[in-house]
Amino acid sequence: MPIQSGDVKLLKSAVMADVPEGGGAPTGNAIADGTSNAIFPDISELDRAGGRVSLRKTFLGIQTDDTDTYFGANVIVADPPQDPRVSVTLFSTKNTFDTRTQAASRIESYLTRGPEWGGYMYENHIVGQRVIQLFQRPSEQLPNVGQTLVLIHNEGLSTEKVQYVRATAVSAKERTFTFDQSGAATDYKANIVTVELSDALRYDFAGSPASRYFQRAASGTKLRDTTVADAGTYVGVVPLVDAAGLGDLTVKAASMFTQLVPSAQTETPISDVRSNGVSAALVATGAAITRTLNLIFNNSQAMHVGAPIYPGSLSIDRSGVTLTDAGGRLMNVGTEVGRVDYDNGIVTLAAPSVFSSEGSSAAHAVTFIPADVPDLITDQRAIPVTIESRSQSYAFVLDDIPLKRTLAISYLAQGRWYTLREDGSGAIKGLDSAYGVGTLSFTTGSVVVTLGALPDVGSRIIIQSASAVNTVPATNTLLSHGSKVYFPLNTSGDLSEEKGEKAIKIGSAIIKWDHGGMKTATDNGLGQLTGDATGSVDYTEGVVRISPNAMPPAGTVFLLDIDGDITTSVSVDVLSGYLGATNIRPGSVRFYASVKFTYGLGFSTNQLLFQERVVSVLVRDNGAGVLYFKDPGNNQNVNCGTIDYAAGTIENNSVVPVSEFDISGPSRNVQWYGVIGSGYGHQGTTQQRWNDIQEYTNNNRSRQCELLASAVSVSYSNSTASADSISIKANACCLRTEMVPNYTLRGANFMLGGVLYKQLPDNTLVRDPSPTTGGGTPSGSVAGASGVLTLSYWVAGQAPTVSNWRGVIAPPTAGLTAPFATSYTVFRTAASPLRPGSFSVLGTLMDGTSFNVAAGVDGKINGTRVKGRVDYEYGVIELYFVNPSGPAELNTDLSHLQIAGLTTIPADLVMINSIRYNTVSYSYLPLDAELLGIDPVRLPSDGRVPIFRAGGFAVVGHTGAITATVSNNQTINCGRVRLSRVRVIDSNGQVVNTGYTADLEAGTVTFTNVAGYAQPVTVQHRIEDMAVVREASINGEISFTRALTHNYPAGSYVSSALIAGDLFARTNIVFDQASWDGTWQDTVKGAVATATYNVAQFPIAVTNRGAISERWIIRFTNTTSFDVIGENVGVIASGTVTSVCAPINPATGVPYFSIDPLGWGAGWAVGNVMRFNTVGAQFPVWVVRTVQQGPETVPDDQFTLLIRGDVDTL
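Sequence positions in the sequence shown follow UniProt numbering and run 1 to 1210.
No false leads were slipped in.
Only pairs whose alpha carbons sit at most 20 Å apart, straight line, appear in this in silico PhoX-like list of lysine-lysine:
1. Lys222 / Lys161
2. Lys596 / Lys630
3. Lys729 / Lys502
4. Lys729 / Lys512
5. Lys729 / Lys519
6. Lys173 / Lys189
7. Lys499 / Lys729
FRET-style restraints, in silico, Cβ to Cβ:
8. Gly531 / Lys596: 40 to 50 Å
9. Ser36 / Thr997: 23 to 33 Å
10. Val127 / Ala229: 23 to 33 Å
By construction, these hints were calculated from the structure, which means they are not laboratory data. All residues carry an ideal CB built from backbone N, CA and C; glycine is no exception.
Can you make the complete structure from the sequences, with help from the hints?
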């Protein structure tokens, strides 16, 4: 007969208690409907105080004496506990006999080993420590508070030690480390990251020492990130926050998560943190250079090329073999043969026999672009993720093309942040390929990325990068003195560019020195030297800068013969004035004047970082009556006026024509757009260098110069002092590059006289770095701020001309002169979630206005000059900078912020480097594993797990109730049709199972015999819709593949379903073996037996009531007798081939199975076995009750488990 409702039961397991052996096999004892404490005991005061996880194993069982099928069986939590601090979650291990220990291990396996972390454990750590220290590059991301990492020592070996650890606090300190390079001390920087742990270390873990290669020692502990293994599929129930109607495809639930383990929140202040990070980015210092390096280069000897390498520029040629780089990998015709350390300029071979005769020294032609690693402020942009724009693939264009290895794309999926990074070759990838992949074009700035999962609706995809827009490559054109080194000689007798004691009469300077004979250089009266040297004479300052045609050795004495000049200073009007004397000596006039440069870009002028810049320039006369100064933006001479030497008067033009070219001109802020599906969304601003801005029709770039009217102090000479002869010993020479004000020279690299010179990070100048060790000989120093390099060593007899000059003029990252500005920024806070109302931000706008504004508890930021919003849950901040009095052409629509009264308002610029924020974040404190009975470290830090996922099943349901005193033949109309269930409960809370009939389709209940009812009774009537989940978002929106067929009012729930499938008893494997060695497997092991059981004619009989899911063996003890053995139940019976074998299941009182004696046949021998499996009509369900810390709110609570399925009605 068909399965009846009473045949479908929720059964108890063998041990219904929170003990290690809890759970086990099913019993025949049903859990009665509506009975108090039928599954869990009451919640104790200790549970309320500390939190608790209770596990009970139950079984969905079909108890019939046939094998009828219960179709599509599934279990849901239909109604949750009313106490908000108590939650109920279901999962299944699909193991009939497992216990609480195995189930807890399954829960704890939510996180598993992921890719290796970008750092390693620094030095040894011992058991009991609650703090570990990591050694990693400053550019590598730090672990997040709450993040779980895994420590593994001797991975894969029998001595492997593993511990999962969770960070409760993270701090980093940048330290300088020193290593020896051929006797020279060379510094490098690394982050020492201190991570406080929720649990003490359980083992001693061997660490690794500091390494300039940032490579973990082979014997050191490996540090891995964790990834979600999701070993268990969890189901639960959440309320709907909005009513759902007939035909809806989407419902809005309170959450898509359930609380699997309790956690306690703690607050962590975050104070004065920079919003945009400082990135140590590799910047090209100029064009590629080629060097010939002679060394043994193989898999045991690295190559040091002499400078950091710009990614994608390396080529090594030797004996017809060409190696190139790609994303840090050294490639030989598409095959990886080694690694490239770009930052340190080190190339290593991992594979042997890349070259022939690798054990011998050979010449290697090494071509690469030298680079440096200045600190730059990162740009940050965001793509909003909406229901309409949500996708796994995104494409956008970055106008300011990122520097290699600086692009990072972060996205939020299932409540967890994932970051993808560009590796220097244009490939974008995460720590694991499953996180996503993409590409960046360094030609167009186009980015195409495919995420590893759909991003969460309402979140932001955050794009961070640094560009070279605010750096200046120090090419040869910027070197002064004709790209030559020089000796600075002043009239005080010092080797210095400081002002000398005497001015020099024009045309009087003669310099002599002995180098292979007496050499002479003469002043030509125009400030230039001729003869055996070139150079310049600064008459007023009393300084000669001389570059001998052949460099003399260090220690050479220069004899400076001059006629001293008497210098007079007078204050005059810069535009027109009388110097107070006549017959001014030509070439002796000099004064400092203020000039204002004005920059324009047509109708886009307001997009410029600044529009005016006032600088002080040194004005001189050229000896021919013309006044001029060097343009600080391009090093060109600019004529600005005239001098009448005889009359002693000067005239200057107020407007001076200048070139548009300016290395320190303002960058342009460009609106940035991202392609999202088929639409566009404005996401922020990026920058273009002034010299890279294209000229558009009606948008022409312009640069004007105005000499500002003011009184200036003019120095001149019109009389001569006595002659003088000055001896100066030269132990050093100089090289100077033109500088942008407040910028710093970094990464200088050049050749002089066949010698390679290199600037180290500590501004030491070394020569000829070793290709095997990287070490060089100290040979001078660099004054980075002034751009002056002082050499203490050079090769005598060589020309003074510098070649292959490379370097970067890097901007400051702090202060008013830092050239980083934007009208919009977005960033993630250092930790999340944030306490509502705790966020504030402060900084300085480009016009000097300071701001300090706080966000409301609603997340809105509504300052006069700053607008924005805060996502407190995930710590994402959007800021827009405005000026209510600004020009209308800068209006931007901010209505999407939903701030009352805010529509359009003119945008303004902020100094990015000035932005700081303060907030308070929540972190989750894992509770004691002993008290919980579960180790929470391998679970999400907040203890929540998702219960809805795409492709899973969900049930939307609502249970209504009608209370009435009923009588025989009375019909209760439930007011809705197509019910899924009716339940009658009497006034004592007991479930009534008889005396009524229900017409579910019509929605009515008719009472036929109410005798014995405790009146009044309550009729519970339920409606449901089951559907496949198409998409589940962290904001609680759950969409289905089909529409709802009922109206669901407030108070309805949506449950995820634990799918059991079709349940019926059966035998699924039968075979024989000649012998059995105790190994349980589902295929024949060894030889088959001579005899065979005739299962086709005499199948092994089972019933839904008696069968269990078990593997069985019939092992013959002689030719006719055997033992019956179960893998889990052991030896349960003996039998013979002449009688029915039907061992009784003690839980149900009926046989596990029945074997017909007619099927045995003959030929069985001692030790022969017959193997078969039975599958029971039960499905194991683990029920988890989670109690969060806090007081009791419901004295007598309950929850509803609902078994659902269909039966054959024929």
